[in-house]
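In the order they appear, the protein sequences are chains H and D. Counting in this note's numbering, the first sequence runs from 116 upward without gaps. Counting in this note's numbering, the second sequence runs from 2 upward without gaps.
Quick caveat, the hints were computed from the structure, so don't treat them as lab data. The structure presented is a predicted model; accordingly, all values stated were derived computationally and were not measured. Treat the hints with care, as some may be off.
[Unchecked claim] Ranges between beta-carbon positions, derived for each pair: (1) H/LYS164 <-> D/ASP234: 28 to 36 Å; (2) H/GLY270 <-> D/GLY292: 31 to 39 Å; (3) D/PRO233 <-> H/ALA283: 48 to 56 Å; (4) D/ALA293 <-> H/ALA283: 45 to 53 Å; (5) D/ARG226 <-> H/PRO275: 46 to 54 Å; (6) D/LYS222 <-> H/TYR297: 33 to 41 Å; (7) H/GLN268 <-> D/LYS222: 26 to 34 Å; (8) H/GLY270 <-> D/ARG226: 34 to 42 Å; (9) H/GLY270 <-> D/ARG315: 36 to 44 Å; (10) H/PRO275 <-> D/LYS222: 37 to 45 Å; (11) H/GLY279 <-> D/ARG315: 16 to 24 Å; (12) D/ARG82 <-> H/ALA204: 47 to 55 Å; (13) D/ASP49 <-> H/PRO398: 43 to 51 Å; (14) D/LYS223 <-> H/PRO398: 33 to 41 Å.
[Unchecked claim] With a Cα cut of at most 25 Å, we get these calculated DSS-like pairs of lysine-lysine: (15) H/LYS244 <-> H/LYS263; (16) H/LYS392 <-> D/LYS222; (17) D/LYS223 <-> H/LYS392.
Yeah, the Cβ is synthetic: ideal placement off N, Cα and C, and Gly gets one too.
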Amino acid sequence: MLETLTGRFARIVKTIRGEARLTEANVQDALREVRIALLEADCALPVVKDFIAAVREKALGAEVIGSLTPGQALVGVVHRELTRLMGEANVALDLATQPPAVILMAGLQGSGKTTTTGKLARHLIEQRKRVLLVSCDVYRPAAIEQLKTVAAQAGAEFLPTDSGEAPAAIAQRALEHARTRYFDVLIVDTAGRLAIDEAMMREVRELHGLLSPVETLFVVDAMQGQDAVNVAKAFSEALPLTGVVLTKLDGDARGGAALSVRRVTGRPIKFVGTGEKLSGLEPFHPERMASRILGMGDIVSLVEEAHKQVDLEEAQRVAEKLKKGKGFDFEDFKSQIQQMRKMGGLSALMDKLPAQLAGQIGPGQTGDERQMRRVEGIIDSMTPAERRRPELIKASRKRRIAAGAGVPVQEVNRLLKQFEQMQKMMKMMKGGGMARLMRGLRGTLPGLR
Amino acid sequence: MAPAVLGLADKPLNEKSSWTARLKAGLARTRGALGGGLGSLLGRRKVDETLFEDLETALLTADCGVEATEALLATLRARARKEHIEDGAALKAALRETLLETLAPLERRLEVLAARPFVIMVAGVNGSGKTTSIGKLTKWLQAQGCSVLLAAGDTFRAAAREQLVAWGERNGVPVVGQAGGDPGAVVFDAIQAARARGIDVVVADTAGRLPTQLHLMEEIKKVKRVAAKALPDAPHEVVLVLDANTGQNALAQVKAFDEAIGLTGLMLTKLDGTAKGGVVAAIARARAASGAVLPLLFVGVGEGVDDLRPFSAREFVEGLVD
């Protein structure tokens, strides 16, 4: 079976984990993985090539921020580039015109035009538009019947047509009907056609000329392979497309076609379709799709979180101490715990880590957050002098601290013991990433068994 | 029903054009779009690294997938070294042979066995072309001298039954179905009806479903179970319809449907477009590795009722390479 993109990217993160910065060599290896990952997700080869070039340029010398590993930083770059490729922000339908606003649907056979037409109708009806649906698909058996049923489900008006009628005549009649009956929106469904079928492409161009639609939407199957570029190109050359609808996205979490299509048509993906229910139409957000393609979007929020929450100076000060392996005291320990808490606690942190990385730290380690609070309580019960010099803490101080924190003396003992081990371990960890730090913490922190 | 009403008669179907010619014509378009296909790529060139890189591009672009492409290239490289292949033409022959080796095991003719009725169950993702393929398959079965009954097992999608009924009328075969009913019940009824009327073959349509929709995958398992209740051993063939436009997701589709309902064959549709269906090579490799070859019974090359042909590895490879 195909390895998922998640696995691939986790491996990338692993390979260049622990390296201080992104260099020509480690980026090269990682990008080979990215290339394979994207190809397996059915991104078109030319698009992949351009994309890799762009990422390489941006990644080289990129700063590795805070507690992120270079691998994670690279994924950050990949994510940003993916988002950029797919058009940065959501673009909504633009129906600002003298009503009726006409929407023309076009695409290959079986891409999901009719279902999408119904979904779009429902979407617009929810915005209190009066919607008229009409089918110009006089070719496929029962296509008109299908739209009629879908229209009824969506609560849209349906203009009956006959498969003996010419598509152009239907369009004319529908436009007239929509105009005289004061419809806000007219959605015209068309037959599926191959981009190389000249007669059919001429027909849809003619329909476009007759209807002068404000939106011409190209409907494309998210599972489409490498040929998506050719098809998208042909359609965008034949028709002035205004947007793309990506369908059947639930069939494939990878949906690499999203990348190719946006790139080739130069038109924004406006909606994505999931499921056959009429509610399964969502505005497209490039950012979220990028996360989805990577299968590890949470790393990105981790990057953001790290930017937002981590007090860089404080982190650097502690990191410095960690590097030297000495002078790490209970103050620093506490500040580490607090930083971690700010980022949503240990379990939230673990959730945001990619599967493989979290797996390295080991399952069931995120357990008892309460234990962490107890540790904090114990540290809070120490005097500043004790925190800086734990060796001061003898029997009577232990009793006082235990009483202050409301824990048995044994727990104070355990913490002191663990802290001692931790200090030793700190010496061994130089320039390690978050995963390494956390793995190191295993067995030392009470909450981390 | 007049053909004009169905809109298929106006399609320029060249009656005389052979099957190979038509497939080639379909694939030629792709090559045009690629700016020269594998054939011209290999023309008179010297065999060097750039040529292999171009080959890789071409194979990847044909949806062969990373793994199958790498395997094909590794084989080719080895052969080129061993047999001292130095010019493009010889490499092309080697490529053709390698592809043929990969695809030849997929060839199998659909045999309507002694079972009466012989039940063929058709599954696939949404929009892969199940219903259209059934229409064409019906015509093919009739040409083999079989009487056919269709079961409108897609009780979910709007007007799916009407679509199948239209194909039934076109071929003059009965269609069993009920709107919004249980697909299992429809298939059960259809098998009973076929038995009562002494019909040879039942072709059961099912609703399109994505492998990720687990509840629908459960549903199709049930359809299969119910078919077996109506007639032991049924369904005799379980065919997955794949859209040639599909990329590497086709592998996931094959795997998921096979696990759910135990596939016995594939149909590849929409080969008349610019997509080449190279994913078949990826599927062939994946299946060969597991030792369970999944034959490709038919390929679809158009919307016309005659545009369904038994798969021939040689023709397919020729269409791809020449």
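How the hints compare with the structure:
Taking 28 to 36 Å as the suggested C-beta distance range, the pair H/LYS164 and D/ASP234 does not conform, at roughly 51 Å. Taken as a hint, the range 31 to 39 Å is violated for the pair H/GLY270 and D/GLY292, whose Cβ atoms sit roughly 53 Å apart. Taking the beta carbon of each, D/PRO233 and H/ALA283 are about 54 Å apart, inside 48 to 56 Å as hinted. The hinted range of 45 to 53 Å is satisfied by D/ALA293 and H/ALA283, whose Cβ atoms lie roughly 51 Å apart.
Distance hint check for D/ARG226 and H/PRO275: the Cβ-Cβ separation is about 40 Å, which falls outside the suggested range of 46 to 54 Å. Separation of D/LYS222 from H/TYR297 is about 50 Å and departs from the stated range, judged on CB atoms against 33 to 41 Å. H/GLN268 and D/LYS222 have their C-beta atoms about 27 Å apart, which keeps the hinted 26 to 34 Å range intact. For the hinted restraint 34 to 42 Å between H/GLY270 and D/ARG226, the CB-CB distance of approximately 37 Å keeps it satisfied.
For H/GLY270 and D/ARG315, the Cβ-Cβ distance of about 54 Å falls outside the hinted range of 36 to 44 Å, so the restraint is violated. In this structure the hint that H/PRO275 and D/LYS222 lie 37 to 45 Å apart at CB holds, the actual value being about 39 Å. At about 42 Å, the beta-carbon gap between H/GLY279 and D/ARG315 misses the expected band of 16 to 24 Å. A C-beta distance of roughly 52 Å is found between D/ARG82 and H/ALA204, which places it inside the suggested range of 47 to 55 Å.
At roughly 49 Å, the beta-carbon separation of D/ASP49 and H/PRO398 lies within the given 43 to 51 Å, and the hint holds. At about 36 Å, the beta-carbon gap between D/LYS223 and H/PRO398 stays in the expected band of 33 to 41 Å. Proximity of H/LYS244 to H/LYS263 is assessed by CA-CA distance (about 18 Å); at most 25 Å being required, the pair is judged to hold. The suggested pairing of H/LYS392 with D/LYS222 holds, with an alpha-carbon distance near 22 Å, which does not exceed 25 Å.
With a CA separation close to 22 Å, the supplied pair D/LYS223 and H/LYS392 stays within the 25 Å bound.
Of the hints listed earlier, those the structure fails to meet are numbers 1, 2, 5, 6, 9, 11, in rising order.
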